[in-house]
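Below, each chain spelled out in residue letters.
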Amino acid sequence: MKIELNGEAREGVATITEAVAAVTDARRGIAVALNGEVVPRSEWDRPLADGDAVEVLTATQGG
Amino acid sequence: MEPLKIADKTFTSRLILGTGGAANHARLAEAITASGTELVTVALRRVDPSASGSLLDVIERCGVDLLPNTAGCFTAEQAVRTARLAREAFGTNWIKLEVIGDEDTLLPDPVELLEAAETLVADGFTVLPYTSDDPVLARRLEDVGCAAVMPLAAPIGTGLGIRNPHNMALICEHASVPVICDAGIGTASDAAQAMELGCAGVLLATAVTRAADPALMAAAMRDAVNAGRAARLAGRIPKRHLANASSSFEGMADL
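Read top to bottom, the protein sequences are chains D and U. If you number the first sequence the way the numbering used here does, the last residue is 65 and the count never jumps. If you number the second sequence the way the numbering used here does, the last residue is 283 and the count never jumps.
Among the hints, a few may not be true.
[Unchecked claim] Below, in silico cross-link-like pairs of lysine to any residue (SDA-like), each with a Cα-Cα straight-line distance of 25 Å or less:
| no. | chain 1 | residue 1 | chain 2 | residue 2 |
| --- | --- | --- | --- | --- |
| 1 | U | Lys37 | U | His194 |
| 2 | U | Lys267 | U | Gly185 |
| 3 | D | Lys4 | U | Val75 |
| 4 | D | Lys4 | U | Arg167 |
| 5 | U | Lys37 | D | Arg30 |
| 6 | D | Lys4 | U | Glu170 |
| 7 | U | Lys33 | U | Arg167 |
| 8 | D | Lys4 | U | Ser78 |
[What the hints assert, rightly or not] Far from chain D by the CB rule (all over 10 Å, computed), these chain U residues:
| no. | residue |
| --- | --- |
| 9 | Asn97 |
| 10 | Glu116 |
| 11 | Ala211 |
I should point out that these hints are in silico values taken from the structure, not numbers from a laboratory. Where a beta carbon is used, it is the ideal one built from N, C-alpha and C, also for glycine.
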């Protein structure tokens, strides 16, 4: 199964929890969008499907 | 001086600091502390696995509140999604709403902005929209339930100061929510002028973070906002065309 994680192709990532762990150790200040829609933390264990686009986001400097 | 009230929160400082443009976290922390601010903005971006240190830790150590923004969004849909992600990430329903309409000037897109504001208010957000200095648009944003309006002084990052003081004053006169002057401030006198015109607060980033000495400029902005507010409350003298002697001519010696 191939997904897109923060704009890059990835394989071997089955859930959002795994996707988050693949890019950061942080557990707070993180939000996830699946195919453009926010996924609450309580649903991070739901399985991903082939072609899903996952965005893992956090705070950066900005005005 | 009386505190600034926005929605359910009260702030002693009337300066909101944007964190964009700081050279590093240490310089940013110094600037936040020197500014006396109680509220700082952050953007939401992809996590950078190589990033060292957490911006959230810096903000927490400084003891200030966080105001996420929707910077970089060009449509209402994008901005609404970003706001919802920010709420999930930071556990706040406050959002600095930015919907940009032009890449070169970064001026707001009023149509998309109003639509996004209406959607987010209905979704329970406390919406602080970055808007153009248009009194009619400011009123429309207030009408849809925004907690404040944040007209620009000048385009983001230009440091040009208040390009249309008349419009800024009109917005302040008619608004019944706090007016925060946002973007385009270059130096301390610009911030003071915003307050003298009747703004309830000033939001600025680049003017501090990209100053040669950010902490010193942050302190200057703190003082300018306080001075401008005091001058506004004190009631300035009317401008006159000709001189008006402050020393009486009565009792002049015949020399």
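Check on Glu116/U being off the interface with chain D, judged by Cβ distance over 10 Å: Violated, because the least Cβ-Cβ distance between Glu116/U and chain D comes to about 4 Å, which does not exceed 10 Å.
Minimum Cβ-Cβ distance from Ala211/U to chain D exceeds 10 Å: At about 7 Å from chain D, Ala211/U fails to clear the 10 Å cut-off, so the statement is violated.
Pairwise hint evaluation, Arg30/D against Lys37/U, where the allowed Cα distance is 25 Å at most: Roughly 23 Å separates the two Cα atoms, so the pair holds.
Interface-negative label, Asn97/U against chain D, beta-carbon threshold 10 Å: Non-interface label fails for Asn97/U: nearest chain D Cβ at 6 Å, not farther than 10 Å.
Lys4/D paired with Ser78/U [C-alpha distance capped at 25 Å]: 24 Å, holds
Restraint status (C-alpha distance of Lys33/U to Arg167/U at most 25 Å): Judged against 25 Å, a Cα distance of about 19 Å means the pair holds.
25 Å limit on alpha-carbon distance, applied to hinted pair Lys267/U and Gly185/U: 32 Å, violated
Restraint check for Lys37/U with His194/U, where alpha carbons must lie at most 25 Å apart: 29 Å, violated
Lys4/D paired with Glu170/U [C-alpha distance capped at 25 Å]: 46 Å, violated
Given hint Val75/U paired with Lys4/D - CA-CA distance at most 25 Å: 20 Å, holds
Given hint Arg167/U paired with Lys4/D - CA-CA distance at most 25 Å: At roughly 48 Å apart (the allowed maximum being 25 Å), Arg167/U and Lys4/D break the hint.
In the structure shown, a violation is registered for the earlier hints numbered 1, 2, 4, 6, 9, 10 and 11, in ascending order.
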